[in-house]
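2 protein chains.
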Amino acid sequence: MQTELSKKLGVEHAIFGFTPFPAVAAAISRAGGFGVLGAVRYTAPDDLKRDLDWIEAHVDGRPYGLDVVMPAKKVEGVTEADVEAMIPEGHRQFVKDTLAKYGVPELAEGEAAGWRITGWMEQVARTQLDVAFDYPIKLLANALGSPPADVVERAHDQGVLVAALAGSARHARKHQQAGIDIIVAQGYEAGGHTGDIASMVLTPEVVEAVAPLPVLAAGGIGSGPQVAAALTLGAQGVWLGSIWLTTTEADLHSPALTEKLLAAGSGDTVRSRALTGKPARQLRTEWTDAWDDPNGPGTLPMPLQGLLVAEAVSRIQKYEVEPLLGTPVGQIVGRMNSERSVQAVFDDLTRGFEQSVDRINRIAGRSGQ
Amino acid sequence: MQTELSKKLGVEHAIFGFTPFPAVAAAISRAGGFGVLGAVRYTAPDDLKRDLDWIEAHVDGRPYGLDVVMPAKKVEGVTEADVEAMIPEGHRQFVKDTLAKYGVPELAEGEAAGWRITGWMEQVARTQLDVAFDYPIKLLANALGSPPADVVERAHDQGVLVAALAGSARHARKHQQAGIDIIVAQGYEAGGHTGDIASMVLTPEVVEAVAPLPVLAAGGIGSGPQVAAALTLGAQGVWLGSIWLTTTEADLHSPALTEKLLAAGSGDTVRSRALTGKPARQLRTEWTDAWDDPNGPGTLPMPLQGLLVAEAVSRIQKYEVEPLLGTPVGQIVGRMNSERSVQAVFDDLTRGFEQSVDRINRIAGRSGQ
Numbered sequence: 000m001q002t003e004l005s006k007k008l009g010v011e012h013a014i015f016g017f018t019p020f021p022a023v024a025a026a027i028s029r030a031g032g033f034g035v036l037g038a039v040r041y042t043a044p045d046d047l048k049r050d051l052d053w054i055e056a057h058v059d060g061r062p063y064g065l066d067v068v069m070p071a072k073k074v075e076g077v078t079e080a081d082v083e084a085m086i087p088e089g090h091r092q093f094v095k096d097t098l099a100k101y102g103v104p105e106l107a108e109g110e111a112a113g114w115r116i117t118g119w120m121e122q123v124a125r126t127q128l129d130v131a132f133d134y135p136i137k138l139l140a141n142a143l144g145s146p147p148a149d150v151v152e153r154a155h156d157q158g159v160l161v162a163a164l165a166g167s168a169r170h171a172r173k174h175q176q177a178g179i180d181i182i183v184a185q186g187y188e189a190g191g192h193t194g195d196i197a198s199m200v201l202t203p204e205v206v207e208a209v210a211p212l213p214v215l216a217a218g219g220i221g222s223g224p225q226v227a228a229a230l231t232l233g234a235q236g237v238w239l240g241s242i243w244l245t246t247t248e249a250d251l252h253s254p255a256l257t258e259k260l261l262a263a264g265s266g267d268t269v270r271s272r273a274l275t276g277k278p279a280r281q282l283r284t285e286w287t288d289a290w291d292d293p294n295g296p297g298t299l300p301m302p303l304q305g306l307l308v309a310e311a312v313s314r315i316q317k318y319e320v321e322p323l324l325g326t327p328v329g330q331i332v333g334r335m336n337s338e339r340s341v342q343a344v345f346d347d348l349t350r351g352f353e354q355s356v357d358r359i360n361r362i363a364g365r366s367g368q
Numbered sequence: 000m001q002t003e004l005s006k007k008l009g010v011e012h013a014i015f016g017f018t019p020f021p022a023v024a025a026a027i028s029r030a031g032g033f034g035v036l037g038a039v040r041y042t043a044p045d046d047l048k049r050d051l052d053w054i055e056a057h058v059d060g061r062p063y064g065l066d067v068v069m070p071a072k073k074v075e076g077v078t079e080a081d082v083e084a085m086i087p088e089g090h091r092q093f094v095k096d097t098l099a100k101y102g103v104p105e106l107a108e109g110e111a112a113g114w115r116i117t118g119w120m121e122q123v124a125r126t127q128l129d130v131a132f133d134y135p136i137k138l139l140a141n142a143l144g145s146p147p148a149d150v151v152e153r154a155h156d157q158g159v160l161v162a163a164l165a166g167s168a169r170h171a172r173k174h175q176q177a178g179i180d181i182i183v184a185q186g187y188e189a190g191g192h193t194g195d196i197a198s199m200v201l202t203p204e205v206v207e208a209v210a211p212l213p214v215l216a217a218g219g220i221g222s223g224p225q226v227a228a229a230l231t232l233g234a235q236g237v238w239l240g241s242i243w244l245t246t247t248e249a250d251l252h253s254p255a256l257t258e259k260l261l262a263a264g265s266g267d268t269v270r271s272r273a274l275t276g277k278p279a280r281q282l283r284t285e286w287t288d289a290w291d292d293p294n295g296p297g298t299l300p301m302p303l304q305g306l307l308v309a310e311a312v313s314r315i316q317k318y319e320v321e322p323l324l325g326t327p328v329g330q331i332v333g334r335m336n337s338e339r340s341v342q343a344v345f346d347d348l349t350r351g352f353e354q355s356v357d358r359i360n361r362i363a364g365r366s367g368q
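Sequence order for the protein chains is A and B. Going by numbering that gives the first Met the number 0, the letters in the first sequence line up with residues 0 to 368, in that order. Going by numbering that gives the first Met the number 0, the letters in the second sequence line up with residues 0 to 368, in that order.
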């Protein structure tokens, strides 16, 4: 499964796997794909260094990349405390009441709330980049708009390709103007932040909008036929995130969450502002229902919502409070029905791809194939 | 472009075209596809008879079908007047106020409001079927659940295949149990009534759920690569509706609406309950915005909403009140940028399909193809 882009990056298959887990990223690259480590949770540079060392030791020399969350716009002269002060008391009370209703325990004294997206992540992302550029990464992806011009330049100076996510042709063209090398077209069905346009429509639209720039299709892809369909639509590769969450190499730190993912159908996700204030697809839970309830207080805009719920989400995850327990995941969750190794997922993708090519050749009357 | 189903129906290409316009339906069949005439607007049997006669005279002996709107559940012992009485006065006032705000003129004295979906359409659909079964139709499709058992039986007795639309694997399995022959998997991106699951995920899920029943993919398809992608996902054909709305053979009776469709991008539709009370994708207009506004009265459930807005929609269409003027259409509207003949659209689909097969063969390293 070879495209111009996969050849350029030196991978066997044009399958890109985004994951927060170093073991998954390394396994994807070892299997012949391109593993991309999500760096957003690494607030301490040493933790990132440790995990990149681990990948280096386990990737068998195969190429891999890094995904950061770097806001396109800087927020100047405003502190996190200023923004905390903008959160209405009624919303804070709603969080307290909802957690109390479900008996969610408090974090331990001094225990920090987990990951949150804020407008202040550029500094954190820059420390991540200072670490990452010491490693032979081949791709730098950004999940929030185009990265700043100096970051794109630094990447290019080091021979690193830069990718950025887009949910519309307009966004994709903005990335192109910012010197981005690869557009990840993120369809409606994808997990995490996503727009309203489904992959079947978005992929070819973005391909045409930014040609000859290569496009990766993201959203709704977790089987060989879906890989083949995305490449048929003009993508030079596929970008898969959700499908790895239930691999044996993944470590969600929550058996209950893994169970929920394995049991969920394609209709069990929702595109909700509950997590960050921007629409992000995730498991539908009583937590997202509470935020999406027209009789509730509703969500706040980014970055307020993320600040508001950060501690609550950490508590729900730590104590595995089942009705509230969720995670960003795409509609492909309906296909994640057993824990498999990354290699097994990969074999399924490549075998299914070949069978789909057989199928379309039969339909096209090219029987010799 | 041949599948088992296209062979069974005797068509050259596995492309099914749904349209309310006889001239479009006939042109699709003449071009080598399978034209399906939407019958919902034919409240007078003679009108349907006239248009089927016209198709017979213009289809060059090619096969074609009919699409009806036949509710799965009958509403017994309730009259339309009973239901009219259930509409809150505040909602009626909201319709009046909104029309007044935009200066929408009244219909002429005695002029009837146009089409509306109600729970009472079974009788109308049955009179349509009484007419249609006198013609050599090869397919009967139903847009609202499985048709009643006796209708399925009557179709089968006459050698007519029965198709039904489904937005989830669960719905598709219900159709299968009802003896339906073909499932139309209607993705989120489709025009008209549609569920929440996008085609990339829905198509293979439905294919697997009802195998070996043939599945047609609907939603987001309007170009050759999209046809190829849908067939790659396991569909035995594609079902296209929106793309024909701006063909030269279509007759929307509204140049302003045609202009709006040609100008609209893929992000200019919305899945709204404004038209019927169930989520249906349509052009986003100030009319849908008014109904979807959290500060407005909100929509009523089907069939109340359809009854409530029927006259208003007719007035908006008749007088082409631009900010309110809309129509059901899918996200593929972003690709409908010029008026073309049905044959030109068809040539684009089949040529693009062949190019996409070439492309996927190159990616798969089957260079001899």
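Honestly, I wouldn't trust all of these hints.
Treat identical chains as interchangeable: a pair holds within one or across any two.
To be verified - Calculated pairs, SDA-like style, for lysine to any residue (alpha carbon to alpha carbon, straight line, at most 20 angstroms): (1) K317 / D156; (2) K173 / G264; (3) K6 / R361; (4) K277 / D291; (5) K6 / R169; (6) K6 / G364; (7) K137 / A343; (8) K277 / R365; (9) K173 / H57; (10) K7 / R358; (11) K277 / D292; (12) K277 / P293.
FYI, nobody ran anything at the bench for these hints, they're computed from the structure.
Comparing the hints with the structure gives:
In this assembly of identical chains, the alpha carbons of K317 and D156 never lie at most 20 angstroms apart, being 42 angstroms within a copy and 61 angstroms across copies at closest. In this assembly of identical chains, the alpha carbons of K173 and G264 lie at most 20 angstroms apart only when taken from different copies (17 angstroms versus 35 angstroms within one copy). Within a single copy, K6 and R361 get their C-alpha atoms only as close as 28 angstroms, which misses the 20 angstroms cut-off; across copies the closest is 13 angstroms, which meets it. Proximity of K277 and D291 under a CA criterion of 20 angstroms is satisfied in both settings, with 13 angstroms inside one chain copy and 19 angstroms between copies.
Taking the closest pair of Cα atoms, K6 and R169 never come within 20 angstroms of each other, the shortest separation being 28 angstroms inside a single copy and 41 angstroms across copies. For the homomeric pair K6 and G364, the shortest alpha-carbon distance between copies (12 angstroms) is at most 20 angstroms, but the shortest distance inside one copy (29 angstroms) is not. With identical chains, the CA atoms of K137 and A343 are never at most 20 angstroms apart, being 25 angstroms at best within one copy and 44 angstroms at best between copies. Neither within a single protomer nor between protomers do K277 and R365 lie at most 20 angstroms apart by alpha-carbon distance, with minima of 46 angstroms and 43 angstroms respectively.
Taking the shortest alpha-carbon separations for K173 and H57, neither the intra-copy value of 36 angstroms nor the inter-copy value of 48 angstroms comes in at or below 20 angstroms. Taking identical chains as interchangeable, the C-alpha atoms of K7 and R358 lie at most 20 angstroms apart only when they sit on different chains, with a minimum of 18 angstroms there against 28 angstroms within one chain. In this assembly of identical chains, K277 and D292 lie within 20 angstroms of each other by CA distance both inside one copy and across copies; the values are 16 angstroms within and 19 angstroms between. Proximity of K277 and P293 under a CA criterion of 20 angstroms is satisfied in both settings, with 17 angstroms inside one chain copy and 18 angstroms between copies.
Comparing the model with each earlier hint shows violations of hints 1, 5, 7, 8, 9; every other hint is respected.
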